[in-house]
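Protein chains: 2
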Amino acid sequence: MTDHTHDAGRRSWVSSANGHADFPLQNLPVGVFSPHGAAPRGGVAIGDRILDLPAVLEAGLLKGDAAEAAAGPTLNAFMALGAAARATVRARLFELLSDGAPAPVRGLEARLLHRAADCTMHLPAAIGDYTDFYAGIQHATNVGRLLRPDNPLMPNYKYVPVGYHGRASSVRPSGVPVRRPNGQRKPANETVPSHGPCRNLDYELELGVWIGPGNELGEPIPIGQAHTHVAGFCLLNDWSARDIQGWEYQPLGPFLAKSFHSSVSPWVVTPEALLPFRSAQPARPEGDPAPLPHLLSEHDQQHGALDLELEVLLTTPTMRARGMDAHRLSIGNARHLYWTVAQMVAHHASGGCNLQPGDLFGSGTISAPEETGWGSLLEISMGGRRPVELASGETRRFLEDGDEVILRARGVRAGFAPIGFGECRGMILPAA
Amino acid sequence: MTDHTHDAGRRSWVSSANGHADFPLQNLPVGVFSPHGAAPRGGVAIGDRILDLPAVLEAGLLKGDAAEAAAGPTLNAFMALGAAARATVRARLFELLSDGAPAPVRGLEARLLHRAADCTMHLPAAIGDYTDFYAGIQHATNVGRLLRPDNPLMPNYKYVPVGYHGRASSVRPSGVPVRRPNGQRKPANETVPSHGPCRNLDYELELGVWIGPGNELGEPIPIGQAHTHVAGFCLLNDWSARDIQGWEYQPLGPFLAKSFHSSVSPWVVTPEALLPFRSAQPARPEGDPAPLPHLLSEHDQQHGALDLELEVLLTTPTMRARGMDAHRLSIGNARHLYWTVAQMVAHHASGGCNLQPGDLFGSGTISAPEETGWGSLLEISMGGRRPVELASGETRRFLEDGDEVILRARGVRAGFAPIGFGECRGMILPAA
Numbered sequence: 002m003t004d005h006t007h008d009a010g011r012r013s014w015v016s017s018a019n020g021h022a023d024f025p026l027q028n029l030p031v032g033v034f035s036p037h038g039a040a041p042r043g044g045v046a047i048g049d050r051i052l053d054l055p056a057v058l059e060a061g062l063l064k065g066d067a068a069e070a071a072a073g074p075t076l077n078a079f080m081a082l083g084a085a086a087r088a089t090v091r092a093r094l095f096e097l098l099s100d101g102a103p104a105p106v107r108g109l110e111a112r113l114l115h116r117a118a119d120c121t122m123h124l125p126a127a128i129g130d131y132t133d134f135y136a137g138i139q140h141a142t143n144v145g146r147l148l149r150p151d152n153p154l155m156p157n158y159k160y161v162p163v164g165y166h167g168r169a170s171s172v173r174p175s176g177v178p179v180r181r182p183n184g185q186r187k188p189a190n191e192t193v194p195s196h197g198p199c200r201n202l203d204y205e206l207e208l209g210v211w212i213g214p215g216n217e218l219g220e221p222i223p224i225g226q227a228h229t230h231v232a233g234f235c236l237l238n239d240w241s242a243r244d245i246q247g248w249e250y251q252p253l254g255p256f257l258a259k260s261f262h263s264s265v266s267p268w269v270v271t272p273e274a275l276l277p278f279r280s281a282q283p284a285r286p287e288g289d290p291a292p293l294p295h296l297l298s299e300h301d302q303q304h305g306a307l308d309l310e311l312e313v314l315l316t317t318p319t320m321r322a323r324g325m326d327a328h329r330l331s332i333g334n335a336r337h338l339y340w341t342v343a344q345m346v347a348h349h350a351s352g353g354c355n356l357q358p359g360d361l362f363g364s365g366t367i368s369a370p371e372e373t374g375w376g377s378l379l380e381i382s383m384g385g386r387r388p389v390e391l392a393s394g395e396t397r398r399f400l401e402d403g404d405e406v407i408l409r410a411r412g413v414r415a416g417f418a419p420i421g422f423g424e425c426r427g428m429i430l431p432a433a
Numbered sequence: 002m003t004d005h006t007h008d009a010g011r012r013s014w015v016s017s018a019n020g021h022a023d024f025p026l027q028n029l030p031v032g033v034f035s036p037h038g039a040a041p042r043g044g045v046a047i048g049d050r051i052l053d054l055p056a057v058l059e060a061g062l063l064k065g066d067a068a069e070a071a072a073g074p075t076l077n078a079f080m081a082l083g084a085a086a087r088a089t090v091r092a093r094l095f096e097l098l099s100d101g102a103p104a105p106v107r108g109l110e111a112r113l114l115h116r117a118a119d120c121t122m123h124l125p126a127a128i129g130d131y132t133d134f135y136a137g138i139q140h141a142t143n144v145g146r147l148l149r150p151d152n153p154l155m156p157n158y159k160y161v162p163v164g165y166h167g168r169a170s171s172v173r174p175s176g177v178p179v180r181r182p183n184g185q186r187k188p189a190n191e192t193v194p195s196h197g198p199c200r201n202l203d204y205e206l207e208l209g210v211w212i213g214p215g216n217e218l219g220e221p222i223p224i225g226q227a228h229t230h231v232a233g234f235c236l237l238n239d240w241s242a243r244d245i246q247g248w249e250y251q252p253l254g255p256f257l258a259k260s261f262h263s264s265v266s267p268w269v270v271t272p273e274a275l276l277p278f279r280s281a282q283p284a285r286p287e288g289d290p291a292p293l294p295h296l297l298s299e300h301d302q303q304h305g306a307l308d309l310e311l312e313v314l315l316t317t318p319t320m321r322a323r324g325m326d327a328h329r330l331s332i333g334n335a336r337h338l339y340w341t342v343a344q345m346v347a348h349h350a351s352g353g354c355n356l357q358p359g360d361l362f363g364s365g366t367i368s369a370p371e372e373t374g375w376g377s378l379l380e381i382s383m384g385g386r387r388p389v390e391l392a393s394g395e396t397r398r399f400l401e402d403g404d405e406v407i408l409r410a411r412g413v414r415a416g417f418a419p420i421g422f423g424e425c426r427g428m429i430l431p432a433a
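Chains as they are written, first to last, in the numbering used here: chain A, 2 to 433; chain B, 2 to 433.
Excised from the complex, chain A in its bound form (with noise of 0.2 angstroms):
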């Protein structure tokens, strides 16, 4: 239910939030940052500012474990405290940060606030494990097609949120640079494999997934509960070398065509700011079957779906060099994930794996159904028999060095001040 936080007619004394594309007062999400090189700590995506939560806490502006849990390094605590905590901390800082916070309040500014641009962002927990899915069908179908093309998708598909584990110690956050990885490849026309660098690197626009809340091992979250185990959103870019994973992934999954670097965006968007912008899960298509009961909960079906527009955007060396804007290679929306973020939890834990505070979920590439919106080159460029032309007159079937990516989510509904996650970006360095 939506409270006086997601109040569109509220405004911040901190005038870049007024309007800001990403960080309006109606956000703010939290992260770990560094100013200026100090040590990293907790802090609030206001505008084009960074609210300074352990400086917030000294002048006395904030109380409590939770707030002292968001203050940093590591956000693994704040995460575990679930929605109420949550909402606790979200109402005072709406409190401090709107126009109607108190003279004394605006009069630390300098003390409170960051510039966002002088800061460092980080990674905003100790990864645990990270879990990619693929509840991306259309994704799903149009990779399966490159394949198989009359029987895209796996008979399991539409029964079992399918997902594999990935690797924790490889995620960085927005703006590391991305090294093409080296590995083996074997392309139809050779015989034997080589070693030597990725000739088919992709990008794959995902939604990424912080879980709050745990549970213990051999104990299953029940679907009904599972959005409580949920702390947070980001977007994830899980870079993909194609000619590694065509040649290495049977019969264990993708390997290291994957773990050579994932990118999130370092801001944790709250399942509180994205209230607005629920909505319900597209009816499955006539004939596909219904969930299993395990996998099946009314309200999730009802709220579990997330309106959120995706973009990817591309530059390109020549493009900086001639001052261009970035070129946009899809935009497309949340809403197409054929399973809920409730589903993804629920069926991880429903062998008794247990979860835990600051875990990673990827949902899996989301693509739209339409073209325009798919999310990654392999699909944009039919596996690179279609080359991608870009607005500099230059083309691309994969990623070349140089090539930066920017993913970009934003969730706008009528009534409500639009938020977004920030961007996610890379720029791809050659291969070592």
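Heads up, some of the hints might be wrong.
Where chains are identical, the list cannot tell them apart; a pair therefore holds if satisfied intra-copy or between any two copies.
Said to hold, decoys possible - Subject to a maximum C-alpha distance of 25 angstroms in a straight line, what follows is the list of computed DMTMM-like cross-link-like pairs (lysine to aspartate or glutamate):
#1 187 / 220
#2 159 / 191
#3 64 / 405
#4 64 / 401
#5 159 / 66
#6 159 / 401
#7 187 / 289
#8 159 / 273
In short, the hints are calculated from the structure, not lab data. Just so you know, these numbers come straight off a predicted model, no measurement behind them.
Since the structure of chain A is already known, use the hints to place chain B on it.
Just chain B now, kept in the frame of chain A:
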């Protein structure tokens, strides 16, 4: 190169160590334990006792950063140190626990030693990431044959040390009971899947590898240095829900079928203790490709294999009620791995993925060429079609509730004291 700490003639004043099947003076594995419910701390197994490292430090008998790191409460910092630091601690421990130790040390016995039977063992490290390989070629062949009789091995098998990311959060030390998972499964004779207790629960006999010093993201580990990144070894039981796996694993690999629980033996057997049991990697059969250059080192080919006898034992409730000995399901050897541990390390890092101290690798199920050494029930019972007859007159296709599986490993070589890993055991509890 072996040294005086491998001298089979040296004896310990801890009398149970002399001739101990697992933990003679020449082994000295490190682990984390709690005496009688006290706080976790580092220790060393010696006979049927555990040497309390914080107590040894407090008594002034050990000094230095490496010894302090080994004192716990996790061994990640100790694992990060590498071979020289481990060897220094090993030499000093050998001196303190050998017959030649000064009389004052022996006078402190009550302070320094605990009866292992009175202690609780913990995981030796906070596991960052867990990766499971598939290097047991006989296992890969046996399993592949069940699916593809004419073509059991994938074309990549002899080029790529195939592996996948596993779940770190659900790894538990030996002795923690294993709850049978619920999950989705669709037997061939049913048209739609159902959700319920796993019907084909299995064990997998694997060698575990604890990673020591890590690498930076983007910086591969050359094969010639890969062995320096290994901190030690353990046994690993990669419990597997075969029916869940069969339904879920396409196209992204095993997920919930494996992540409900994995068991490790709690003692870290160091590379130094295992020096006498190194052996040459068996020559690849005629016609197999040579490893690609980034996976090939002469030293590794000469010394990279481990000559360790591996045994799997089973007890059932009936057998225990009748006081019967455990039934031996298999006896094999770790020499049969197609890839060395150094090749796994070099491969894992070859695309730039960063390893971290305390990461865990599994070797993949180790099956001997002979049927008597196959490392899972799936293989022994030929997919459940040929039930195993136990000494009790019972039969098993797969594991039943109350069954307990025990893994053991032992190095035996003429002229050296045999050493063992201690047990990796787990009993099956009924599904939730």
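Here is how each hint holds up against the structure:
{"no.": "1", "hint": "187 / 220", "in the structure": "between (43 angstroms within a copy, 23 angstroms between copies)"}
{"no.": "2", "hint": "159 / 191", "in the structure": "between (36 angstroms within a copy, 16 angstroms between copies)"}
{"no.": "3", "hint": "64 / 405", "in the structure": "neither (41 angstroms within a copy, 51 angstroms between copies)"}
{"no.": "4", "hint": "64 / 401", "in the structure": "neither (49 angstroms within a copy, 53 angstroms between copies)"}
{"no.": "5", "hint": "159 / 66", "in the structure": "neither (42 angstroms within a copy, 54 angstroms between copies)"}
{"no.": "6", "hint": "159 / 401", "in the structure": "neither (35 angstroms within a copy, 30 angstroms between copies)"}
{"no.": "7", "hint": "187 / 289", "in the structure": "between (37 angstroms within a copy, 17 angstroms between copies)"}
{"no.": "8", "hint": "159 / 273", "in the structure": "neither (29 angstroms within a copy, 51 angstroms between copies)"}
The structure shown violates the earlier hints numbered 3, 4, 5, 6, 8.
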